[in-house]
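Got chain A; can you put chain B on it based on the hints?
2 protein chains.
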Amino acid sequence: MRYRQSLIPTLRQDPAEAEVVSHRLLVRAGMIRQVARGIYDFLPLGLRAVRKVEAIVREEMNRAGAQEILMPAICPAELWQESGRWEHYGKELLRIKDRHERDFCFGPTHEEIVTDIVRRELHSYRDLPLNLYQIQTKFRDEVRPRFGLMRGREFIMKDAYSFHADFADCQREYQNMFATYQRIFDRCGLLYRPVEADTGAIGGTLSHEFQVLADSGEDAIVSCDKCDYAANVEKAELARSPESDVQSPKSHATAPLRKVHTPEQRTIDEVATFLGEPRERLVKTLLYVTDTGALVAVLIRGDHELSEAKLKNVLSCQGVALADEAAVVEATGAPLGFAGPLGVKASLIGDWALRGTHGLVCGANERDYHLTGLDQERDLSLLRFADLRQARAGDACPRCQGGVFTAHRGIEVGQTFYLGTKYSTALNATYLDAQGQQHPMEMGCYGIGITRTVAAAIEQHHDGNGIIWPAPLAPVDVYIVPVNWNDAAIRQTAEELYTKLGGAGLEVLLDDRDERPGVKFKDADLLGIPLRVTIGTKTLARGMVELKGRTETQATEIALAEVVATVARAHKGAASA
Amino acid sequence: MRYRQSLIPTLRQDPAEAEVVSHRLLVRAGMIRQVARGIYDFLPLGLRAVRKVEAIVREEMNRAGAQEILMPAICPAELWQESGRWEHYGKELLRIKDRHERDFCFGPTHEEIVTDIVRRELHSYRDLPLNLYQIQTKFRDEVRPRFGLMRGREFIMKDAYSFHADFADCQREYQNMFATYQRIFDRCGLLYRPVEADTGAIGGTLSHEFQVLADSGEDAIVSCDKCDYAANVEKAELARSPESDVQSPKSHATAPLRKVHTPEQRTIDEVATFLGEPRERLVKTLLYVTDTGALVAVLIRGDHELSEAKLKNVLSCQGVALADEAAVVEATGAPLGFAGPLGVKASLIGDWALRGTHGLVCGANERDYHLTGLDQERDLSLLRFADLRQARAGDACPRCQGGVFTAHRGIEVGQTFYLGTKYSTALNATYLDAQGQQHPMEMGCYGIGITRTVAAAIEQHHDGNGIIWPAPLAPVDVYIVPVNWNDAAIRQTAEELYTKLGGAGLEVLLDDRDERPGVKFKDADLLGIPLRVTIGTKTLARGMVELKGRTETQATEIALAEVVATVARAHKGAASA
Numbered sequence: 001m002r003y004r005q006s007l008i009p010t011l012r013q014d015p016a017e018a019e020v021v022s023h024r025l026l027v028r029a030g031m032i033r034q035v036a037r038g039i040y041d042f043l044p045l046g047l048r049a050v051r052k053v054e055a056i057v058r059e060e061m062n063r064a065g066a067q068e069i070l071m072p073a074i075c076p077a078e079l080w081q082e083s084g085r086w087e088h089y090g091k092e093l094l095r096i097k098d099r100h101e102r103d104f105c106f107g108p109t110h111e112e113i114v115t116d117i118v119r120r121e122l123h124s125y126r127d128l129p130l131n132l133y134q135i136q137t138k139f140r141d142e143v144r145p146r147f148g149l150m151r152g153r154e155f156i157m158k159d160a161y162s163f164h165a166d167f168a169d170c171q172r173e174y175q176n177m178f179a180t181y182q183r184i185f186d187r188c189g190l191l192y193r194p195v196e197a198d199t200g201a202i203g204g205t206l207s208h209e210f211q212v213l214a215d216s217g218e219d220a221i222v223s224c225d226k227c228d229y230a231a232n233v234e235k236a237e238l239a240r241s242p243e244s245d246v247q248s249p250k251s252h253a254t255a256p257l258r259k260v261h262t263p264e265q266r267t268i269d270e271v272a273t274f275l276g277e278p279r280e281r282l283v284k285t286l287l288y289v290t291d292t293g294a295l296v297a298v299l300i301r302g303d304h305e306l307s308e309a310k311l312k313n314v315l316s317c318q319g320v321a322l323a324d325e326a327a328v329v330e331a332t333g334a335p336l337g338f339a340g341p342l343g344v345k346a347s348l349i350g351d352w353a354l355r356g357t358h359g360l361v362c363g364a365n366e367r368d369y370h371l372t373g374l375d376q377e378r379d380l381s382l383l384r385f386a387d388l389r390q391a392r393a394g395d396a397c398p399r400c401q402g403g404v405f406t407a408h409r410g411i412e413v414g415q416t417f418y419l420g421t422k423y424s425t426a427l428n429a430t431y432l433d434a435q436g437q438q439h440p441m442e443m444g445c446y447g448i449g450i451t452r453t454v455a456a457a458i459e460q461h462h463d464g465n466g467i468i469w470p471a472p473l474a475p476v477d478v479y480i481v482p483v484n485w486n487d488a489a490i491r492q493t494a495e496e497l498y499t500k501l502g503g504a505g506l507e508v509l510l511d512d513r514d515e516r517p518g519v520k521f522k523d524a525d526l527l528g529i530p531l532r533v534t535i536g537t538k539t540l541a542r543g544m545v546e547l548k549g550r551t552e553t554q555a556t557e558i559a560l561a562e563v564v565a566t567v568a569r570a571h572k573g574a575a576s577a
Numbered sequence: 001m002r003y004r005q006s007l008i009p010t011l012r013q014d015p016a017e018a019e020v021v022s023h024r025l026l027v028r029a030g031m032i033r034q035v036a037r038g039i040y041d042f043l044p045l046g047l048r049a050v051r052k053v054e055a056i057v058r059e060e061m062n063r064a065g066a067q068e069i070l071m072p073a074i075c076p077a078e079l080w081q082e083s084g085r086w087e088h089y090g091k092e093l094l095r096i097k098d099r100h101e102r103d104f105c106f107g108p109t110h111e112e113i114v115t116d117i118v119r120r121e122l123h124s125y126r127d128l129p130l131n132l133y134q135i136q137t138k139f140r141d142e143v144r145p146r147f148g149l150m151r152g153r154e155f156i157m158k159d160a161y162s163f164h165a166d167f168a169d170c171q172r173e174y175q176n177m178f179a180t181y182q183r184i185f186d187r188c189g190l191l192y193r194p195v196e197a198d199t200g201a202i203g204g205t206l207s208h209e210f211q212v213l214a215d216s217g218e219d220a221i222v223s224c225d226k227c228d229y230a231a232n233v234e235k236a237e238l239a240r241s242p243e244s245d246v247q248s249p250k251s252h253a254t255a256p257l258r259k260v261h262t263p264e265q266r267t268i269d270e271v272a273t274f275l276g277e278p279r280e281r282l283v284k285t286l287l288y289v290t291d292t293g294a295l296v297a298v299l300i301r302g303d304h305e306l307s308e309a310k311l312k313n314v315l316s317c318q319g320v321a322l323a324d325e326a327a328v329v330e331a332t333g334a335p336l337g338f339a340g341p342l343g344v345k346a347s348l349i350g351d352w353a354l355r356g357t358h359g360l361v362c363g364a365n366e367r368d369y370h371l372t373g374l375d376q377e378r379d380l381s382l383l384r385f386a387d388l389r390q391a392r393a394g395d396a397c398p399r400c401q402g403g404v405f406t407a408h409r410g411i412e413v414g415q416t417f418y419l420g421t422k423y424s425t426a427l428n429a430t431y432l433d434a435q436g437q438q439h440p441m442e443m444g445c446y447g448i449g450i451t452r453t454v455a456a457a458i459e460q461h462h463d464g465n466g467i468i469w470p471a472p473l474a475p476v477d478v479y480i481v482p483v484n485w486n487d488a489a490i491r492q493t494a495e496e497l498y499t500k501l502g503g504a505g506l507e508v509l510l511d512d513r514d515e516r517p518g519v520k521f522k523d524a525d526l527l528g529i530p531l532r533v534t535i536g537t538k539t540l541a542r543g544m545v546e547l548k549g550r551t552e553t554q555a556t557e558i559a560l561a562e563v564v565a566t567v568a569r570a571h572k573g574a575a576s577a
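Sequences listed follow chains A and B, in order.
The first sequence maps to residues 1 to 577 in the working numbering.
The second sequence maps to residues 1 to 577 in the working numbering.
Honestly, the hints are just simulated from the structure, not real lab data.
Please note that the accuracy of each hint is not assured.
All copies of an identical chain are treated as equivalent in the list; a pair is satisfied when it fits inside any one copy or across any two copies.
[What the hints assert, rightly or not] Capping the alpha-carbon separation at 25 Å, the derived lysine to any residue pairs in SDA-like fashion look like this:
(1) K97 x E87
(2) K500 x N62
(3) K572 x E507
(4) K91 x R144
(5) K97 x R37
(6) K259 x E325
(7) K522 x A575
(8) K345 x D127
(9) K522 x R120
Bear in mind that the values here come from a model prediction, so they are computed numbers and not experimental data.
One chain only, chain A, in its complex shape (with noise of 0.2 Å):
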């Protein structure tokens, strides 16, 4: 590529809506521009990076036996009828009505449309299993569509969806797609974890996400510092020790139940600095309505936080939101801030770690009231226990002995799914087994966000200067900056470097313009392409260029005839790195 003839608009600039570091450098460095919300032109460079992490999914889907097909956009609701996802599926869909007037939407997934074409076209146990994928435009109409790639609403995608006679060979497909998006993320040079995800009804461990580590990260996450175990903080297992968390003073073993005058200290930092407690010390005690209307007191310790997705499995149900005021005073009898598990009017869930814990803090479910010297086995004997809270830093690892979690953000890539027999059932996707019985489907699907790699891949490399590209992900390879365009020697120079470094299979962008060096190296630094070959005019004089990693602060003096090889060498370095 050479830049005057390339559109690369970069800019000086921030752009005033861009909130995350990848989307202000796509910006920036003249990769994406906006259209409408979360709907962007991909430019040239930025569409580049995003066809290299296409074609590392497509090598490694094809690798990994799967086949390549291509669904429609614009899919007939009748499918999504029959699935029952038209109806619950909320307004993320973008639901569109024909000339006809008939019903279609901008499928953001398509577990309908390719059951539909399996069960056309298999119906013998002989002609499974099957693995199909596609890459394609994807569109979920997101209420507040921001972060650039990060959530957009128009996206590339890769979504696979495997069929298999039974339980057992679904597995086996889901280790392969687990070994496959290892390869992937490993070849795209990112730095993430497969995280076990929330498998709700299903339970087991067939439900990953693969997270890309960035403090960007919208989901906290939690890994093990001795295995492999990770998970998103709202999901990972804790391990439970066989004593309470909390070693109380012996004091505290005796207490009394007492009320105290707590005049309006109502949240936990509040009460904990009123009494003089530390955090720990303290139950919170969250009233919660399930979707079936029922109504649940949770405890927690006060340093504590909840897990809703947990809550959500433990009670067995679809959904559960906070009580609204109305419900906690009539709960309570108190104003909100004073709940406590004694006395209120709601089933009591309790938290592991307030097992057998005696000297603590909680609300007297009285306006300006707590108690303390709350026993559990004294006061709250016939307390339900569950594993409700959060993980953090310093947990102990539920998988191994000894390992302790670390906590990170991460940006989820990709997520691979065993879905069971839903969708098959729901559309009838059956098969004959040896014996001429018939049965569903068993079913798994595979996601890989692959605009959202591409933004994960800046949220994780860049620094001041702009973005670092993995060199498996770069736009170009090599960045030839001719200090002086109007200097004859260093202008051929510098085309003779570009038509040798490209025969030699490499992707150079040619910096052409008439621009003074200072500009040329801010631009090279804002693109992030991995190597940067410098052309002046006293090193060229002395028969050498310059050569610098993006990353590197001191460039390198080659001789002009190992100019090829020097680069190609770096090149495969940092692209297998």
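Okay, now just chain B, sitting in the frame of chain A:
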């Protein structure tokens, strides 16, 4: 690819809904499946053919200096309102409201979006020229989608848009794209003609349709047998012969105008037969209404067909339509079938072919009567003439000496078009010239129907047994038929050849099914794979296998050791043919 692991659901029967051969064969060969009217799944082999076309298009567009970008599928109405197309585009535009009730459309082309990019990023003559293209799924809500991929609603298109400082540079790029399109369709292995297209008010020769020749084509075209000239019959210019086209017999020269009784004789054929005159001695009087409401009587020789496109251009109006019965009765005072030029209450225009003719028959504007002996110079001396008829085989070429038209049917797979400043003016995409003066940019646009090209290739290349892919578009290069998969020696040879041919860079489909040889041969022909290698018991015992090209009737025996080299050579020959 291994057949058993692949989704290639071939059918023995023609699908009922398929009207054209490409639709029929794509479905039968298991390459596409219908999801809704005009909306298809591309199964693995079908998608491979699509990708082959895409790759050729991408390579040649890049070679020509165009830059690939990707614009959104879902486009905001605001930009379409700026260009005026939101109002003028008909029901083929799929209009969509998002969750916030904002208007969007599924972009059928992207002039507005690309012009918006350019007006934001380019401001100087130094930034020009620029040619941006994308390969993207489009949607056009055809009222009667049919013919499979030939006229689907959802389809894949390459659309390119170029921006220039002046007309001369736009013309240069137009020629560049024209040559690029020739390279693309040459490389696709298709027989095609670039035909001059109707440029409406713009004039000149800056619009071409690239027509793949096939008997089933929707478009009727003529091409010169001596020079490069080719055009749609509706648009082809005709050489104006100095004398009248019809040499009337001497006796006609002095024939008086005479009213003859022609009871219930209304059509050209009826009147010609009834009066015993050849069709070319009759005059058709066609009453048309323009979009501005003017009534025009158009005179055409009885054996000629009117070109409405030419009529529209000659009348400088946006649209013409045949007048309804009431208007005809009103203008002629007679029922349908008896209209004539004398006394009709409408302005008159005649085709060139009628100039200087005499002894003609026309309607009398009276029920059951026609006139004979019509003499143009005597009876219609003030008649305005124009080129109004469709071209046909045998017409003289207007561009060269002695060339004669031959007639073809064509499938439009690409179009190049000079847009002028229509969009740049509407969207205010301007640049400053060297003197600091502001000008709207000149634009061109260039489309290729990717999925349509796949269908057109089949329309042009097939036989009674199935598809005959041009080698560059074939989903795979070689089809290996082991005649008996249960024979260990055959199976082992098949596996070896599969590995070796793949290693030599060929794409191979191994038919590893436990099927009779006849089934495999039938599928190989149906799928249209260029080369077939058959491993049979007797030949293998002699150390030989059979190689057969898809269109060859005889297979050739090759020694096992020679297979890879021979097949690679045959493939190379086919690919460059």
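Output the numbers, in ascending order, of every earlier hint that fails for this structure. 8
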